[in-house]
Amino acid sequence: MGLNPVKVPPQSISSPGNLHAPVHLFPATLKETPSEAQIASHRLMLRAGMIRQASAGIYTWLPLGLRVLRKIETIVREEQNRAGAQELLMPTIQSADLWRESGRYDAYGKEMLRITDRHDREMLYGPTNEELITQIFRDNVKRYRDLPKILYHIQWKFRDEVRPRFGVMRGREFLMKDSYSFDLDFEGAKRSYKAMFDAYLKTFKRMGLTAIPMQADSGAIGGTLTHEFHVLAETGESGVFYDVAYDELAAKGEIDLDALSRLYAVTDEKHDPTAANVPPPERLRTARGIEVGHIFYFGTKYSKAMGAVVAGPDGTPVTVEMGSYGIGVSRLVGAIIEANHDERGIRWPESVAPFKVGLINLKSGDGACDAACEDIYAKLTQAGIDTLYDDRDDRAGVKFADMDLIGLPWQLVIGPKGVAAGIVELKNRHSGEKQELSADSALAKLIG
RNA sequence: CGGGGCGUAGCUCAGCCUGGUAGAGCGCCAGCUUUGGGAGCUGGAUGCCGGAGGUUCGAAUCCUCUCGCCCCGACCA
3 MGLNPVKVPP
13 QSISSPGNLH
23 APVHLFPATL
33 KETPSEAQIA
43 SHRLMLRAGM
53 IRQASAGIYT
63 WLPLGLRVLR
73 KIETIVREEQ
83 NRAGAQELLM
93 PTIQSADLWR
103 ESGRYDAYGK
113 EMLRITDRHD
123 REMLYGPTNE
133 ELITQIFRDN
143 VKRYRDLPKI
153 LYHIQWKFRD
163 EVRPRFGVMR
173 GREFLMKDSY
183 SFDLDFEGAK
193 RSYKAMFDAY
203 LKTFKRMGLT
213 AIPMQADSGA
223 IGGTLTHEFH
233 VLAETGESGV
243 FYDVAYDELA
253 AKGEIDLDAL
263 SRLYAVTDEK
273 HDPTAANVPP
283 PERLRTARGI
293 EVGHIFYFGT
303 KYSKAMGAVV
313 AGPDGTPVTV
323 EMGSYGIGVS
333 RLVGAIIEAN
343 HDERGIRWPE
353 SVAPFKVGLI
363 NLKSGDGACD
373 AACEDIYAKL
383 TQAGIDTLYD
393 DRDDRAGVKF
403 ADMDLIGLPW
413 QLVIGPKGVA
423 AGIVELKNRH
433 SGEKQELSAD
443 SALAKLIG
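Residue numbers for the first sequence follow our numbering, beginning at 3 and rising by one.
No lab work stands behind these hints: they were computed from the structure. All C-beta atoms in this analysis are idealised placements derived from N, C-alpha and C, irrespective of residue type, glycine included. Hints are supplied without guarantee of correctness; some may be wrong.
[To be verified] Okay, derived cross-link-like pairs now, DSSO-like style, lysine-lysine, Cα gap no bigger than 27 Å in a straight line:
hint : residue 1 : residue 2
1    : K429      : K358
2    : K151      : K306
3    : K159      : K303
4    : K401      : K429
5    : K272      : K207
6    : K419      : K365
7    : K303      : K196
8    : K159      : K306
9    : K365      : K33
10   : K192      : K306
11   : K358      : K401
12   : K401      : K381
13   : K358      : K33
14   : K272      : K196
15   : K151      : K207
16   : K447      : K436
17   : K401      : K436
18   : K447      : K358
19   : K365      : K381
20   : K207      : K159
21   : K381      : K33
22   : K33       : K436
23   : K358      : K419
24   : K151      : K196
25   : K401      : K365
26   : K204      : K272
27   : K204      : K151
28   : K429      : K33
29   : K365      : K436
30   : K436      : K381
31   : K365      : K429
[Said to hold, decoys possible] Restraint-style ranges between C-beta atoms, simulated for each label pair:
hint : residue 1 : residue 2 : range
32   : T118      : Q384      : 52 to 62 Å
33   : G424      : E236      : 38 to 48 Å
34   : K419      : E271      : 50 to 60 Å
35   : A30       : D187      : 54 to 64 Å
Start from the sequences and build out the full structure, keeping to the hints where you can.
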């Protein structure tokens with residue numbers, strides 16, 4: 003796989019062959035909050051028109067939400083590829099027999115959605131893919147020289163949570179990136195683990211998030227090396243404790259893995275005030291965290307049960323060492339909003355924004371104003387800038403409010419007064435800073 | 001899985017206690033006036049009151065069952 007990130011071609015939801023046609027987003031925004039939503043990200047995703055609930059914990063992704071999901075997915079994919087992982091795609095529906103090999107068919111419990119097909123064969127909607135990937139590996143890799151391997155896919159999962167909540171943050175159906183590493187020995191497995199650890203820090207950073215790796219309970223999957231990655235947000239589900247040095251390290255461009263892994267950072271259930279590396283009280287931060295990633299080394303748990311064995315250097319069979327590495331892609335959409343919003347709406351980091359620019363025509367129907375908007379929209383679109391053009395025949399206040407709610411990084415406001423004076427207004431959604439400048443300077447700023 | 005709550009117009013909700021045949025605000029449609037931060041006036045459309053059964057002359061309202069959804073707690077990317 004290539005080491006360079008893939009440049010994603012600009013998407014347009016305009017009709018094919020007519021890239022300049024403005025599009026009225028489907029559906030319209032909501033002025034009032036649907037009563038089902040409690041936390042900010044859920045409310046804002048409903049109001050902005052990103053998702054609609056289909057059943058408890060199951061959502062339809064509307065055009066605006068899907069764009070964000072795809073952007074996140076792309077960043078995750080690029081960083082996985084860069085780390086040397088190879089993408090494949092496993093199915094959502096799996097055979098119960100495969101899960102009996104690992105013993106998890108009986109162990110998993112009611113969280114697993116079990117299905118029977120027309121022949122009464124037992125199937126399941128995959129909550130994770132260790133069994134399937136181990137089968138793929140064991141059937142296709144027989145010699146140690148083909149190691150190491152890291153394989154991943156980005157696929158919908160289903161876990162029949164007793165109580166889904168918080169919108170996409172804790173749905174039953176969710177999009178997850180899961181990687182699986184295969185190594186000949188523990189030293190190799192540790193290298194794979196570190197490669198993923200490093201990739202995760204880069205991935206979350208690119209999304210504008212501070213994600214702190216926490217020593218985590220290994221839970222049901224079992225193992226020794228494991229970290230949870232938590233995004234700090236007031237509404238996080240877990241309490242976290244961490245050394246303030248994380249903030250200092252995170253502010254730096256370079257990630258020092260060894261320095262990071264020595265620091266104290268744990269979720270509240272693992273917090274031990276008497277631990278050796280607990281920082282002094284003035285250096286110990288407490289916060290709320292949203293778990294967006296979880297990585298495990300679990301040795302030969304699945305490879306042994308399922309016979310994933312390669313011929314080692316001396317010809318004798320070696321059971322491979324494995325790890326798995328998850329990122330909650332759909333959860334990240336909610337997590338990013340939790341970390342980036344204000345009373346007016348969402349404030350997207352540019353890297354994951356559904357559009358980079360929101361073009362507001364303050365007076366649709368005014369010839370000069372329409373012409374100025376259409377000209378600048380065409381230029382932005384041709385330059386590959388994702389632009390949402392609001393040319394609705396509505397009052398200015400409605401458009402401002404909607405644009406703030408949707409939260410695109412840049413708002414380009416064009417009205418008749420400005421057009422007459424040769425200026426447009428450029429507003430930064432995050433800082434709130436506005437500046438008046440010529441259309442050409444605005445273009446240069448957005449394109450350059 | 002324990003505990004609590006809610007299903008009435010596209011959305012937010014009132015009406016239910018104390019049965020008498022459907023309401024408000026916002027949104028939507030039309031017209032006029034407005035027009036740089038969710039406009040004003042006038043007129044209009046919209047409901048199997050979640051579903052089934054029961055009580056009653058009569059049920060959104062009372063009773064039973066059922067389905068869906070939300071919240072708190074225990075569990076998870």
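Hints that the structure is at odds with (numbers, increasing):
21
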